[in-house]
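Participant: Sequence:
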Amino acid sequence: MLTGELRNKVDQVWNAFWSGGIANPLEVIEQITYLLFLRGLDSDQTREENKAVRLKTQPVRIYPEGKDDKGLPYDDMRWSRFKNIAPEAMFTVLSDHVFPFLRGLHASKGEAASSAFAHHMRDARFTIPKPALLAKVVDLLDGIPMDDRDTKGDLYEYMLGKIASAGQNGQFRTPRHIIQLMVALTAPTPQDTICDPASGTCGYLVAASEYIRDQYPKALHDVKQNEHFHRGMFHGYDFDNTMLRIGSMNMLLHGVEHPSIQYRDSLAQGHADDAGAYSLILANPPFAGSLDYENTAKDLQQIVKTKKTELLFFALFLRLLKAGGRAAVIVPDGVLFGSSKAHKELRRKLVEEQKLDAVISLPGGVFKPYAGVSTAILLFTKTMSGGTDHVWFYDMKADGWSLDDKRQPLLSEDDLGLKPVYDGRNLVSDEVHARNNLPDVVMRWNEREGSELRRPRTAQSFCVPKADIVANEYDLNLNRYREVVHEEAVHRKPTQILAELRRLEAEIAAGTKALEDLLT
719 MLTGELRNKV DQVWNAFWSG GIANPLEVIE QITYLLFLRG LDSDQTREEN KAVRLKTQPV
779 RIYPEGKDDK GLPYDDMRWS RFKNIAPEAM FTVLSDHVFP FLRGLHASKG EAASSAFAHH
839 MRDARFTIPK PALLAKVVDL LDGIPMDDRD TKGDLYEYML GKIASAGQNG QFRTPRHIIQ
899 LMVALTAPTP QDTICDPASG TCGYLVAASE YIRDQYPKAL HDVKQNEHFH RGMFHGYDFD
959 NTMLRIGSMN MLLHGVEHPS IQYRDSLAQG HADDAGAYSL ILANPPFAGS LDYENTAKDL
1019 QQIVKTKKTE LLFFALFLRL LKAGGRAAVI VPDGVLFGSS KAHKELRRKL VEEQKLDAVI
1079 SLPGGVFKPY AGVSTAILLF TKTMSGGTDH VWFYDMKADG WSLDDKRQPL LSEDDLGLKP
1139 VYDGRNLVSD EVHARNNLPD VVMRWNEREG SELRRPRTAQ SFCVPKADIV ANEYDLNLNR
1199 YREVVHEEAV HRKPTQILAE LRRLEAEIAA GTKALEDLLT
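The opening residue of the sequence shown carries number 719 in our numbering; numbering runs sequentially from there.
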C-alpha cells in the first residue's frame, strides 16, 4: 500500500512534467517509464557486479565495456553516474547517448537487457524539452524507493491511474477492482497459460500474477513452476507500441521478468499459430468499430461472419483457448441481446457448443468519465461439446465508487474491492453491500452450483436453465429472466378523496374571507 508521502512524490514528478511543458499524460508516463527502466538497468548491473565479486567471476555486462560511437563510456550512461552531473550535461548524455543505447538494447545479450520491455525500445523517443526539467524529474525519481516489488508495482499503478483520470487517454484502462474481480472469479493457478489479446497496460496479466503469488505462495519455489511463471505463463498482444512499452514495464515492476508482450493486430490474418494455446483468457477488447472482411482473419469469419469487432474478438477467444480453457471478458450489452444474425449465432454457439457459465451485468458508470456504455462480464468454458445446463446471472448495482464522471470512492479503503472475501469469509454488512457488490459477487459465484440454484428470480442473483434461454432465442439480457414483484398499492376510496378536497376548499375559503375582513 502506498503511503501519503510516496503519493506526494509521484504527484511532484507528474506536476513537474506538466509545468515543464509536457501536457499529454500518455507522453508523461512514457518518459517516466524510460527513466524508471534506466534506473532498473543500473541496479541490475550493480547487482551483477556485486555477485561477481562474491563469486570471484566476471560480471554479466548490461552496459558494455568501452565507449559508444560518439566516444562516451557506456558506464557514464548509468543512472548512478548521470544523476550527479550538471543539468545541461545530463541532457546531452541522455539525448545523444543513452537513448540511442536503449534503442539498440533489444539486440543485446544478457538477462536484464533481453527483458520484454527492452524488446519494445527500438523506437523510444526522448521528448523532455529542457535540461532543468530533466534534472528535476531525475532527482524526484531517485528519491522514490524502488527496492520492494509491491511498492514498485503500486507506484506504477498509481501513475497509470493518472492516465485514466485525464480523460480520453485512459480509455484503454479497465478499473483495477473490476480486473481483480474477474481474476478472482476465474481463479488462475500456477499451471495456467494466460492471454489478453487486447492487453493495453497489461492490467489483467498483472492482476493474475499477483493473485497467483497470493494464493500459491510456495509455487515459485519450484524450479519448473518458477520458469513457467516468468517465461511461459503470461501473453499479451497490442498494436500500439506505446502500450507495449507501458505494459511490459508494468509486468516488469510487478516481478514478472520475461512475459510475452508482442506487437500484433489480434484480428488480422496470419496469427493462427497459437490457436488452442491458452487455458485462460482475461480481456476487455475494443467495443466500437467495424473491420473490412479482407483485413480479418478468415478462420475468425468461419466462427462468426461479421465486421463487428466485439463479435470478432469472441471468435478470437474461442480460437485461442484450448479445450477446457476458460474466459472472463467484458462485452457491451449489445452482445447480450443484439438481434442481428451474427449476434444470435454467437450466443447460440456459446450456449450450445460451449459452456456459458455466467452473465454479470455491470453498473452503467463503471467506465466513466470516458465511456458510458452499458457492459457485462461473460464467463465461459471452451468445451466444443456443449455443457451449458444453467447460466448464473448477477445484477451488480454498485462497485464501491460513484457512478458519475468523478468516480470517487464511497467507502473506506478497507471496504473497497474484494478484500472482505479474499480469506473466504463474508464480512460485508448491508450498508457496505449497498455501495460495493464485489464481495457478494465472489461469494455467490462460489455457490452457483449450490444455494444459488434455489434463489428466486426476484433476487440480485439467480440461475436460469438452458431451456429458458433457448426458448428466448438465446437472449442473455438479465431483465429478460428477472421476475418483478409488484407490491399491492392501497388507495383511498374516491368518496374519501372528494370529501378531503371539500374540507380543504372550505378552509381556504374561510381563510380568504378572514384576510379580506382584516384588510377592510
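Hints are computed from structural coordinates only; laboratory data are not their basis. Some hints here could point you the wrong way.
BS3-like cross-link-like pairs, simulated, lysine-lysine; straight-line CA separation at most 30 Å [said to hold, decoys possible]:
#  : residue 1 : residue 2
1  : K785      : K769
2  : K880      : K1115
3  : K1137     : K1062
4  : K1023     : K727
5  : K942      : K1023
6  : K1137     : K1184
7  : K880      : K1124
8  : K1073     : K1062
9  : K727      : K848
10 : K1067     : K1115
11 : K1115     : K1086
12 : K1184     : K1062
13 : K727      : K880
14 : K769      : K1023
15 : K870      : K1059
16 : K1137     : K1086
17 : K848      : K880
18 : K1086     : K1040
19 : K1086     : K1062
20 : K1040     : K1025
Label-pair restraints from in silico Cβ distances [said to hold, decoys possible]:
#  : residue 1 : residue 2 : range
21 : Q1178     : S1103     : 28 to 36 Å
22 : E945      : L1129     : 39 to 47 Å
23 : S1130     : K1062     : 38 to 46 Å
Here the structure is a predicted model, which is why all the values come from computation and not from measurement. Each residue gets a CB set at the ideal place from its N, CA and C atoms; glycine is no exception.
Participant: Confirm or reject each hint.
Facilitator: The hints, checked one at a time:
no., hint, result
1, K785 with K769, "holds (24 Å)"
2, K880 with K1115, "holds (25 Å)"
3, K1137 with K1062, "violated (38 Å)"
4, K1023 with K727, "violated (51 Å)"
5, K942 with K1023, "violated (41 Å)"
6, K1137 with K1184, "violated (33 Å)"
7, K880 with K1124, "holds (13 Å)"
8, K1073 with K1062, "holds (16 Å)"
9, K727 with K848, "holds (21 Å)"
10, K1067 with K1115, "holds (29 Å)"
11, K1115 with K1086, "holds (15 Å)"
12, K1184 with K1062, "holds (15 Å)"
13, K727 with K880, "holds (14 Å)"
14, K769 with K1023, "violated (57 Å)"
15, K870 with K1059, "violated (48 Å)"
16, K1137 with K1086, "holds (23 Å)"
17, K848 with K880, "holds (23 Å)"
18, K1086 with K1040, "violated (34 Å)"
19, K1086 with K1062, "holds (29 Å)"
20, K1040 with K1025, "holds (25 Å)"
21, Q1178 with S1103: 28 to 36 Å, "holds (32 Å)"
22, E945 with L1129: 39 to 47 Å, "holds (40 Å)"
23, S1130 with K1062: 38 to 46 Å, "holds (45 Å)"
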